[in-house]
Amino acid sequence: MTGPTLSRRRFGQAIGALTVAFTLTPPSWAEGAKLPGSLDKNRMLDGWLRINADGTVTVFTGKVELGQGIITALEQIVADELDVAPTRITMVSGDTAQTPDEGFTSGSQSIEYGGTALRYACAEARQRLLDAAGKRVGMPHGNYGVSLQDGTISGFPNGKSVTYWELSGDASLHREASAGFAPKPPQALRIIGTSKPRLDIPRKVTGGVAYIQDVRLPGMLFGRIVRPPNYAAQLVSLDETKIKQMPGVAAVVRDGRFLGVVAEREEQAIAARDALRDAARWSNEESLPPVENIYQYLKGLPEEVHVVSEKGAGAPPAAHVVHDATYTRPYTAHASIGPSCAVAQMKDGALTVWTHSQGVFPLRRDLAKALVLDQSRIRCIHKEGSGCYGHNGADDVALDAALLARAVGDRPVKVQWMRGDEFGWEPFGPAMTISLHAALDDRGMITDWTYDLWSNTHSTRPGQRDGVNLLAAWHLAQPKSPGKPQIIPQPAGGGDRNAVPLYDFPRQRVTNHFIPAMPLRVSALRALGGYANVFAAESFMDELAALAQVDPVEFRLRNLNDERAFAVIKTAAKHAGWQPNLPGRTGRGRGVGFAKYKNLSAYMAVVAEVQVDRSSGAVLVTKATAAIDAGQVINPNGLINQTEGGIIQATSWTLKEHVGFDRGGIVSRDWQSYPILTFPEVPHIEVVVLDRPTEKSLGAGEAAQGPMAAAIANAVAHATGARLRDLPLSPERIKAAAFG
Amino acid sequence: MADAIELTVNGTRHRVHAQEDTPLLYVLRNDLELNGAKFGCGLGQCGACTVIIDGEAVRSCSFPVALAAGKQITTIEGLGTIDKPHPVQKAFIDEQAAQCGYCINGMIMTATALLQRNPQAGDSEVRQALAGNLCRCGTHSRILRAIARAGKEMTQ
Chain A
799 MTGPTLSRRR FGQAIGALTV AFTLTPPSWA EGAKLPGSLD KNRMLDGWLR
849 INADGTVTVF TGKVELGQGI ITALEQIVAD ELDVAPTRIT MVSGDTAQTP
899 DEGFTSGSQS IEYGGTALRY ACAEARQRLL DAAGKRVGMP HGNYGVSLQD
949 GTISGFPNGK SVTYWELSGD ASLHREASAG FAPKPPQALR IIGTSKPRLD
999 IPRKVTGGVA YIQDVRLPGM LFGRIVRPPN YAAQLVSLDE TKIKQMPGVA
1049 AVVRDGRFLG VVAEREEQAI AARDALRDAA RWSNEESLPP VENIYQYLKG
1099 LPEEVHVVSE KGAGAPPAAH VVHDATYTRP YTAHASIGPS CAVAQMKDGA
1149 LTVWTHSQGV FPLRRDLAKA LVLDQSRIRC IHKEGSGCYG HNGADDVALD
1199 AALLARAVGD RPVKVQWMRG DEFGWEPFGP AMTISLHAAL DDRGMITDWT
1249 YDLWSNTHST RPGQRDGVNL LAAWHLAQPK SPGKPQIIPQ PAGGGDRNAV
1299 PLYDFPRQRV TNHFIPAMPL RVSALRALGG YANVFAAESF MDELAALAQV
1349 DPVEFRLRNL NDERAFAVIK TAAKHAGWQP NLPGRTGRGR GVGFAKYKNL
1399 SAYMAVVAEV QVDRSSGAVL VTKATAAIDA GQVINPNGLI NQTEGGIIQA
1449 TSWTLKEHVG FDRGGIVSRD WQSYPILTFP EVPHIEVVVL DRPTEKSLGA
1499 GEAAQGPMAA AIANAVAHAT GARLRDLPLS PERIKAAAFG
Chain B
412 MADAIELTVN GTRHRVHAQE DTPLLYVLRN DLELNGAKFG CGLGQCGACT
462 VIIDGEAVRS CSFPVALAAG KQITTIEGLG TIDKPHPVQK AFIDEQAAQC
512 GYCINGMIMT ATALLQRNPQ AGDSEVRQAL AGNLCRCGTH SRILRAIARA
562 GKEMTQ
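Heads up: the sequence lines are chains A and B, in that order. If you read the first sequence in the numbering used here, its first letter stands for residue 799, the second for the next number, and so on. If you read the second sequence in the numbering used here, its first letter stands for residue 412, the second for the next number, and so on.
I should point out that these hints are in silico values taken from the structure, not numbers from a laboratory. A portion of the hints provided could be inaccurate.
Said to hold, decoys possible - Derived contacts from chain A toward chain B, CB cut-off under 10 Å, selection only:
1. Gly991
2. Pro995
3. Gly1006
4. Asn1439
5. Val1465
6. Asp1468
7. Phe1477
Said to hold, decoys possible - Here are the simulated lysine-lysine pairs, DSSO-like style, with alpha carbons at most 30 Å apart:
8. Lys994(A) to Lys482(B)
9. Lys994(A) to Lys563(B)
10. Lys501(B) to Lys1421(A)
11. Lys1421(A) to Lys1372(A)
12. Lys1421(A) to Lys563(B)
Note that the structure is predicted; figures quoted are calculated from it, not measured. All C-beta atoms, glycine included, are put in the ideal place defined by N, C-alpha and C.
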């Protein structure tokens, strides 16, 4: 490193101004070392940001907006680290032609990885700009202070000042990041940590252009897809002659058992799709497993056994009490409100796809394989869709649109799935079985913990090395195979996410029985296995607490050895007005649930209060009181919004949801056959944020799912005396268990 | 060619060419290029497509365009703009009452129809009025707060 580099010395309290000192400080990051967050794989500084002569900053992020507020939070990071007003910043997100490849926007990792990368990139860019400023004003060396405010560097000892915008040609950011310049310490931050309103909300509440569905291109056509009645059905016969003659129809596409229509108008495409569906004759397949004992069926399939945690050797200690229980979680749908949608255009042999995929780069890799087209000929551009909560139909519909666009010359085609397409063909959150065994000593302490779980993979996303993970690719006349099902390794885990207890047990054994065969299509649903594992483990903790005759909150604290875990549990209990050893079986109850998401991310505890109707068995969750610790918080309101959403969505999963199917196919095809929580059923919610500005930011978007499920089950047990171990906690099950 | 149908949308008259049984939603979105009403289910089950016709919240995905002729159709674009939002829109911004926001059109339009009838609607009345509007992100508690805030604003 040559020339002056700059370190910051804070003084004065000038609002929005920052004083820096010019000194010679070598970068702290060793050469060739792994760089922080997503910077490691995307090392060029100008791949992350550009300073423009017109007084603006363009920021490139591979992370995308899914309704979680990430673009607002990333903009806050840039504004703070660069010392520019947020209004100067334009965010470019998820575009294979422009942005870094940050893989998927998933797993509550965007702040940790994407945000960290931008913090370091901006801190470094800022220093490069200050360096260039020193040279520009003729003072490249020395130790002196300047002031930096909204891109203007002033107060040089010679009285000069200079702006970022004047320096845009001098301070070349076309260089590899060193990450040698530390982001600002918490006390220097002004925008990070504030509840800056979301950038996208005003246009979303006024009918502005906001979604992939709002993309309109000149000459655009509308497409719809017809799928087989189930995964295995083969096309026996189809006469498409009449469909081609329907009003507005531009093309009927038939490639193997992939069927689609393209029309001038959307309603014409839908009419043609209905006619195509009615005209197609399919083989009668009964390929799905029996729904009535699906868990036994899955456990009977070949499995790979992985012991993912083991502690304590020799024979188990003498037990005062032993306890066993088995829990299940059904197939669960993402059930996005807006069906998946994409726009594709084939022009001069190159394909452009506008998509709400969570990963435009992995999608491009699979599109290239499916279409036998070089990746360099494909551009994927992210546009927001309806919330996805994981891997829904977003990627699949991108291939559908590309296949239809290929059939109509260079006119763009917009494809949106119908409601039944989404429910019938999305990859569900996998069904799971979890068996637990534990021993308590005579002091009520857990001395042995054995945990076995059975699950499919929790990710069949595109971009895998082998295979093509896009639905239509499997249906073509020359079909592609899906990738081999893969385990997501610990410590994050997939099916075994949060299966390793955070509690401090002297002896434990956690086994993941991984089932490769997938009788129903499955993939990532918010929190992956963390939802069912926390439901099971935290339900079981309450069962053990009852056997030990210890209050459930106290029982958790006794078995934990983590201050931040203590803090969220105690805070949630305090704000909920938790009274120890409150008598149960009154029809009203309360329960607690806790987890540190992935054992790596945010700490979250929640107390649920319920009311159980004796005649129907229906549960109403009246209140949820939560505490969350996500380390340094970028946007508190955004964190609360995500946590409230997680609590409500988990309430819906826990009380109501399971995918219906029979031997012939998926029968949950609309909102009547797949009901979700409605307004009269939504609890009052209080979320307390434990901000820890000196700790690193922890992923939080999925932290609520598991704890809320367990809190409800524990509250139902408290209210009724009945322990429900099979999700969902439906009125029928509760009535049979509690009042039957 | 389909017959011309005259529609009055947000106070402006339009002539559109569509089959009479075409759901109003597609005419609004594709012919008039209004983004507010969304396709969610096409079955009248989720409410994402809600518009107000002669004061009533209506599911435009299953409302034939011909039946809307001669009526006053209001979409979310007709309530207000980013610079001059309607009290309900403003309350949704103030409460940050959206996550993905795809359902929010339906929430705002249904709530507006309710508050225009009764700005003092209480929590349980609001919940009942929105019982057929689905939100998957779990923004419900913020939506309820926003509607309560808008109700106060509209009462004054």
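Please verify that hint: Gly1006(A), Cβ, nearest Cβ of chain B, below 10 Å or not. Constraint on Gly1006(A) satisfied, holds at 7 Å.
Quickly compare the C-alpha distance for Lys994(A) and Lys563(B) to 30 Å and report which way the hint goes. Holds. Lys994(A) to Lys563(B) sits at ~25 Å (cutoff 30 Å).
Chain B contact restraint for Asp1468(A) - C-beta distance below 10 Å: 6 Å, holds
Measure nothing beyond the straight line between the CA atoms of Lys994(A) and Lys482(B); if it is 30 Å or shorter, mark the hint as holding. 41 Å, violated
Can the hint on Val1465(A) be confirmed by a CB-to-CB distance to chain B that is less than 10 Å? Violated. Min distance 15 Å.
Interface hint for Gly991(A), Cβ within 10 Å of any Cβ on chain B: 16 Å, violated
Restraint satisfaction for Pro995(A) [CB to CB of chain B, less than 10 Å]: Where the cut-off is 10 Å and the nearest Cβ of chain B is about 6 Å from Pro995(A), the hint holds.
Can you confirm whether the C-alpha distance between Lys1421(A) and Lys1372(A) stays at or below 30 Å? The given pair, whose Cα atoms are some 14 Å apart, holds under the 30 Å limit.
Taken at face value, is the distance from the CA of Lys1421(A) to the CA of Lys501(B) at most 30 Å? 27 Å, holds
Hint check: Lys1421(A) vs Lys563(B), CA-CA at most 30 Å. Holds or violated? 24 Å, holds
Does the nearest C-beta of chain B fall within a distance shorter than 10 Å of the C-beta of Phe1477(A)? This interface hint holds because 4 Å falls under the 10 Å limit.
Quick one, is the Asn1439(A) hint okay against chain B at 10 Å, beta carbons? 6 Å, holds
Comparing the model with each earlier hint shows violations of hints 1, 5 and 8; every other hint is respected.
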